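Engineer: Just so we're aligned, residue 1 is where the sequence shown starts under the numbering used here, counting upward by one.
Accuracy of the hints is not assured; some may be wrong.
What the hints assert, rightly or not - Pairs of lysine-lysine residues, derived as DSS-like cross-links and limited to a Cα-Cα distance of at most 30 angstroms, are as follows:
1. Lys-96 <-> Lys-71
2. Lys-24 <-> Lys-37
3. Lys-93 <-> Lys-71
4. Lys-71 <-> Lys-89
5. Lys-71 <-> Lys-37
As the list claims (entries may be wrong) - Per label pair, the in silico range of CB-to-CB distance:
6. Arg-168 <-> Phe-103: 16 to 22 angstroms
7. Ile-114 <-> Ser-87: 37 to 43 angstroms
8. Ala-162 <-> Leu-105: 48 to 54 angstroms
None of these hints come from the bench; they were simulated from the model. Only a predicted model underlies this, so the values are computations on that prediction, with no experimental measurement involved. Every residue, glycine too, gets a C-beta built ideally from N, C-alpha and C.
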Amino acid sequence: MASWITGFTAEVPVTIFVEGVYDKPTESCRQILVQNKLSTICLSTGLFLFEIVIPLALIMLAYIDVFRGIKTSLRFAASARAEHMNSIKRLKKVTKVAAITTFVLAVCWLPNSILFYYSLLVNEPLYDKRNPFVMFVALLVFSNCYINPCIYVFSNPELRNAIRDMFR
Numbered sequence: 001m002a003s004w005i006t007g008f009t010a011e012v013p014v015t016i017f018v019e020g021v022y023d024k025p026t027e028s029c030r031q032i033l034v035q036n037k038l039s040t041i042c043l044s045t046g047l048f049l050f051e052i053v054i055p056l057a058l059i060m061l062a063y064i065d066v067f068r069g070i071k072t073s074l075r076f077a078a079s080a081r082a083e084h085m086n087s088i089k090r091l092k093k094v095t096k097v098a099a100i101t102t103f104v105l106a107v108c109w110l111p112n113s114i115l116f117y118y119s120l121l122v123n124e125p126l127y128d129k130r131n132p133f134v135m136f137v138a139l140l141v142f143s144n145c146y147i148n149p150c151i152y153v154f155s156n157p158e159l160r161n162a163i164r165d166m167f168r
């Protein structure tokens, strides 16, 4: 959570130093920095690091730590009670689903973030409706909204049964 809050606060300079402009002839949006090229490079790189790279790295490290803890618990759980084993297995499953969800989020949003970073650096239009790659990146971002519920449904048999019962 703290990593995403850090990313959100990194967005503050954007509201101060960047202007969004709509270019009617090309039907595209453009981010224009009020300062100079060096400011553009510094701001773009800072945003990319603080909003994407650092939060994802921290989340990955947290998942690695949780998986190590689960592995250690499973080693010592051989002599533990069945109740303790079940709680460890549930924790492992929840952590796996969270890791998959985070991976999907990264796959869906990373191309958009790279495109945004690139567009700031070269001062090219951010979104051009005629560019198939840009449209693909936009579809990836929107696809994250419907992939997450599918992950939860496929990973949770109770939820799957409840949805099935709801439509009967």
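Engineer: Could you run down the list of hints and mark each one as holding or not?
Structural biologist: Against the structure, the hints:
A C-alpha spacing of about 13 angstroms is found between Lys-96 and Lys-71, which places the hinted pair at or below 30 angstroms, so the restraint holds. Taken as a hint, the Lys-24 and Lys-37 pair is honoured in the structure, with Cα atoms around 24 angstroms apart against an allowance of 30 angstroms. Only pairs whose Cα atoms come within 30 angstroms are accepted, and Lys-93 paired with Lys-71 is accepted, the gap being roughly 13 angstroms. Only pairs whose Cα atoms come within 30 angstroms are accepted, and Lys-71 paired with Lys-89 is accepted, the gap being roughly 10 angstroms.
The hinted pair formed by Lys-71 and Lys-37 fails the criterion: a straight-line CA distance of about 49 angstroms is larger than 30 angstroms. Between Arg-168 and Phe-103 the CB atoms are about 33 angstroms apart, so this pair departs from the stated range of 16 to 22 angstroms. Judged by the Cβ atoms, the range 37 to 43 angstroms given for Ile-114 and Ser-87 holds: they are separated by roughly 40 angstroms. Distance hint check for Ala-162 and Leu-105: the Cβ-Cβ separation is about 25 angstroms, which falls outside the suggested range of 48 to 54 angstroms.
Hints 5, 6, 8 from the earlier list are contradicted by this structure; the remaining hints agree with it.
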